[in-house]
Structures are given as C-alpha cells and as structure tokens.
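Protein chains in written order, with this note's numbering: chain A, 636 to 865; chain B, 295 to 578.
You may find that some hints are simply not true.
Claimed, not checked - Here are the computed lysine-lysine pairs in the DSSO-like style, where the Cα-Cα straight-line distance is at most 27 Å:
1) A:Lys859 / B:Lys348
2) B:Lys510 / B:Lys529
3) B:Lys462 / B:Lys427
4) B:Lys471 / B:Lys510
5) B:Lys348 / B:Lys384
6) A:Lys859 / B:Lys544
If you are wondering where the hints come from, they were derived from the structure by calculation, not from laboratory data.
Here is how the chains run, residue by residue.
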Amino acid sequence: MRLLAAMGQDIRFQFRHGFYYAYAVLTILYIIVLRLLPDTMVYPALTLILFSDICALGFFFIGAIVLLERGQNLTESLFVTPLRLREYLLAKILSFLFLATLSALLIMLGASIGGQDLMWFVFGAVFSALIYTLFGLIFAARARHVNDYFVKSLGAGLLISLPILAYIRLFDTPLFYIFPTRATLILLDVLGTDYALSEKLFSVASLLIWFLILGSWVYQRFNKYVRHPA
Amino acid sequence: MIQVNDLHFAYGSNTQDTLRGLNFHINDGEIFGFLGPSGAGKSTTQKILIGILKNFRGSVSVNGLDLQKLNSEFYESIGVAFETPNLYTKFTALENLEFFAQFYTGMTRNPMELLAAVGLEEAARTRVSDYSKGMKVRLNFCRSLLNNPRLIFLDEPTAGLDPVNLRKMESLILEEKARGNTICITTHDMHVADTLCDRVAFIVDGEISLIDAPRKLKLQHGQRFLELEYRDGDKLETISIPMDNLGSNKTFQNILNNYFIETIHSREASLEDVFVKTTGRSLQ
Numbered sequence: 636m637r638l639l640a641a642m643g644q645d646i647r648f649q650f651r652h653g654f655y656y657a658y659a660v661l662t663i664l665y666i667i668v669l670r671l672l673p674d675t676m677v678y679p680a681l682t683l684i685l686f687s688d689i690c691a692l693g694f695f696f697i698g699a700i701v702l703l704e705r706g707q708n709l710t711e712s713l714f715v716t717p718l719r720l721r722e723y724l725l726a727k728i729l730s731f732l733f734l735a736t737l738s739a740l741l742i743m744l745g746a747s748i749g750g751q752d753l754m755w756f757v758f759g760a761v762f763s764a765l766i767y768t769l770f771g772l773i774f775a776a777r778a779r780h781v782n783d784y785f786v787k788s789l790g791a792g793l794l795i796s797l798p799i800l801a802y803i804r805l806f807d808t809p810l811f812y813i814f815p816t817r818a819t820l821i822l823l824d825v826l827g828t829d830y831a832l833s834e835k836l837f838s839v840a841s842l843l844i845w846f847l848i849l850g851s852w853v854y855q856r857f858n859k860y861v862r863h864p865a
Numbered sequence: 295m296i297q298v299n300d301l302h303f304a305y306g307s308n309t310q311d312t313l314r315g316l317n318f319h320i321n322d323g324e325i326f327g328f329l330g331p332s333g334a335g336k337s338t339t340q341k342i343l344i345g346i347l348k349n350f351r352g353s354v355s356v357n358g359l360d361l362q363k364l365n366s367e368f369y370e371s372i373g374v375a376f377e378t379p380n381l382y383t384k385f386t387a388l389e390n391l392e393f394f395a396q397f398y399t400g401m402t403r404n405p406m407e408l409l410a411a412v413g414l415e416e417a418a419r420t421r422v423s424d425y426s427k428g429m430k431v432r433l434n435f436c437r438s439l440l441n442n443p444r445l446i447f448l449d450e451p452t453a454g455l456d457p458v459n460l461r462k463m464e465s466l467i468l469e470e471k472a473r474g475n476t477i478c479i480t481t482h483d484m485h486v487a488d489t490l491c492d493r494v495a496f497i498v499d500g501e502i503s504l505i506d507a508p509r510k511l512k513l514q515h516g517q518r519f520l521e522l523e524y525r526d527g528d529k530l531e532t533i534s535i536p537m538d539n540l541g542s543n544k545t546f547q548n549i550l551n552n553y554f555i556e557t558i559h560s561r562e563a564s565l566e567d568v569f570v571k572t573t574g575r576s577l578q
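Given these sequences and hints, build the entire structure.
Structure, rendered in structure tokens:
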C-alpha cells in the first residue's frame, strides 16, 4: 500500500515536472528518425536510440527527479512517516522504469519493429533502464543541486558508456565485457543481429549481477546520506 | 514519555560535539520547549528524537523504546513539522495531505477539517507553489497532525505567521495538549515558549543550562515590586512599591485613593531576562 502510494505520487510528480512531455517529444522524434532511415540502418540506429533513451536519459533524469524532490525538502518529510527506505527507492525506480519502458515500447511500435528475440530484447531494455537508474541514484544521493549532479555524474556516465566504441567499431577490448553497457548493447541489438546464446546468457547474467551490486550500493548511500544524514 | 541521558552528538567528521551531554525528560501530555538562539542545537536534538540523526552517544528512549532500535512503526504515532516547509509544490494542499495520509495504517484525520482549522479551506485546491510562507507553515502543521499522533514535534511552529494566525496556531497547539498529546517545540521565540510551554529547556552551544516552568522562572528571577504609573495633575509619576504587606502600605493606599492610576505591573522577570541572565546570551 505504501509502495503503491509512493509510486503513484512519483509518477504524478514526474508528470507535473514535465518529464512525460520531454519523453513524449523525444519518443516522437526517435520514431520519425527511424521511419526515415533506410532498412539496413534501422536496427543499429534503434540500438543506439534506445541506449540513449532508456540508459543515458534515465541516468540524468532520475538525478534531476531526486534533486527536484530534495529542493522541496521532501525527503525529510517522507522519512518521518512509516514509509521505509526500500519502499521509497523502489517507488522511484519502478515509476521511472515505467516511463522509460513506455517510451521504448512506443518507439518500437511507432517504428513497427519486432523480431524473434523479443524476450531477450525486453529483458535487456528493462534491466538496462534499472541499472542506469541505479547509477543515477548513486550520484544523486550526495549531490546538492542539479548542476552539482551533472558535473559529478558526467565523467562516470561517459566512462560506463565506453563500450559504445566497440559497437560502432572504433575500438574494442575484452575489458568491455565487465561494463554493463556491453550487455545492454548486445541485448538491445538482438533484433537486428545474430548473437550466440552464450553471449546473450552472459549479458543477462552481467545485468543481473550489476543490478544486485548497484541496488545494495544505492540503498547504503541513501541510508547514509539521505535517510540519516549527519 | 521521553527520557534522554548524557546525549552527545557530532556532525560528520567534526571533532567538536554539537550536543554536549544533554539530560532531560519530557512527561506525558506536556508541552516541552527548547529555547535557544540559532545554532544552539535545538533542531539537532529534535532530529535525534525523531530518529533522523543516528550515531549519537548516550541514551534516548521514547515510550520506553530505545531510539537506536526503532523501526518504522515508531512513525505511526508521531507527527513532525519541520521549520522549513517541505511540501510538494506542484500539488495542491489537499493533494499533499491526501498523499501523506496513505502511509499510515491507523485512522487519519480528515484533511479538509485540518485545513479549515488553520484557515486554509478556501486554498485547499491551490498549488503549494502559490502559497505564502505563513500558509506553508500552517499546511505543514496540518500534515504533522494527519495520523492523530500522540507525540508531536514542532520546529519553530510560528515562524512567518501574522498575529492573527499566530494566535490561531497557539490555540491549536493547546487543543492538541488538551487531547492528551505530548508536544515538543523548538523555538527562539520567547513569546511562544512563555505562552505555550509547561516547561522550557534553555539550550546554548549544545548544552542545557536550565529546565523549568516559564512562570516559575519569571517569578524566581523577578523582584517582588509593583510598578505604578499615575497622574499627579499634568505630571505622570512612576513609583515602585514592595508587594509584601501591600494592603497596609500607606503610599500605595494614598495613590489608590487620591490619584488617577494609568498602569500597574508586577515586576516579575521576562523569560528573555531569565535566559540572558542564566546563559549570558541573547536569543537572536
């Protein structure tokens, strides 16, 4: 009940602060771009567009949401109610996941894209959105305002996006397999490229492991810097 | 209700303690005030009592429950209004209250009735971003009462209120006391402490120098004299007369019988006088 209430409020909060409008504009733009591209370029473009839509944007938007909330001193008032920290975090993550997944689905529907490996693709999209939301939350936990968040998170954001270099065939190294971005790019790319089952399974495992590590890290940071700041 | 022994607290990596060995208790059903200047440690103490700040030293128990071991159940029965109003600014007052009410398992108060009590019924459907500072303070107060709390923490509850709403707020706080609730107020407003609190603790530089009832303090530190202003023809005269054996004081009788008295005041100390005298600091 508390989780549902918090999640509903987060969705309304995002809506009233214009995040849904921003996503609607971007989603329409992406659909137009995909429809204008020649067939051979649609799938690679889709992978990069979804990477930017659900990962990069999510990473920055979740920080903006948390800092808007902090600017209104809301966390203090939420944590003197029976709302638990895990409920607060889950509400943030799920509400944002809803927005990112909705946008990704609309892009796919709008661009009439589908395929046999849809399950792998959906898993990749959902868990990638989760992981980059968690990344954003790690930086948001200590940032004082939006600019501070962008400055602190930009370097890390660029760093974890390095496997894009391999995707666009500029530079590759086995070290990229450690990055969650590698797994994300593989799973978002399965509709247009044939990957070995082992590679897809490795990507799923990688995202799950990253999810567990980042989830517990976010909880600890919020507990220390937001729930009980001192 | 609340028992605090030898409470110490330091922020972050500070080597100096912000709170330095506080000892006090708050009884069931009383209004207890922390009075002190900005930065004295009032809000820090309150943040410890409501479980926001951990890592304190000493012991703090609320209703016999050790605060180091509290869980979220604790928040079912307390209400908190922070000094800085913390509300969803793009939501209306009613939406704010309805949202927070969903977190409690017990019966909650009717948001519209709460808003009406603080004079905000007509602004119930106005977004908080369009509220004045005083309106936000009143809405904040409503939120602290949503869950029918037995223990209420109010940080500077009258800051930014005009005289009419100040009086309204004071009477609402007294109503909560009449319901049997315990209220802990932090303030640097002498009038609030004097009017509302059953007992006050003077806190300066993280230490409590004195705890007592405002009335008792004012009498203890005052002088047993009456101060009279009276008209002697065109002249305004002032005289101080000892209060002991006042009935047989000839000068007093003479003034009463033969002059036009404009004012009479007993010369008890003001709470501010007592504060300055015992702490050596002013409240500003």
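### Task
Of all the hints given earlier, name the ones this structure violates by number, lowest first.
Result: hints 2, 5 and 6 break, sorted rising.
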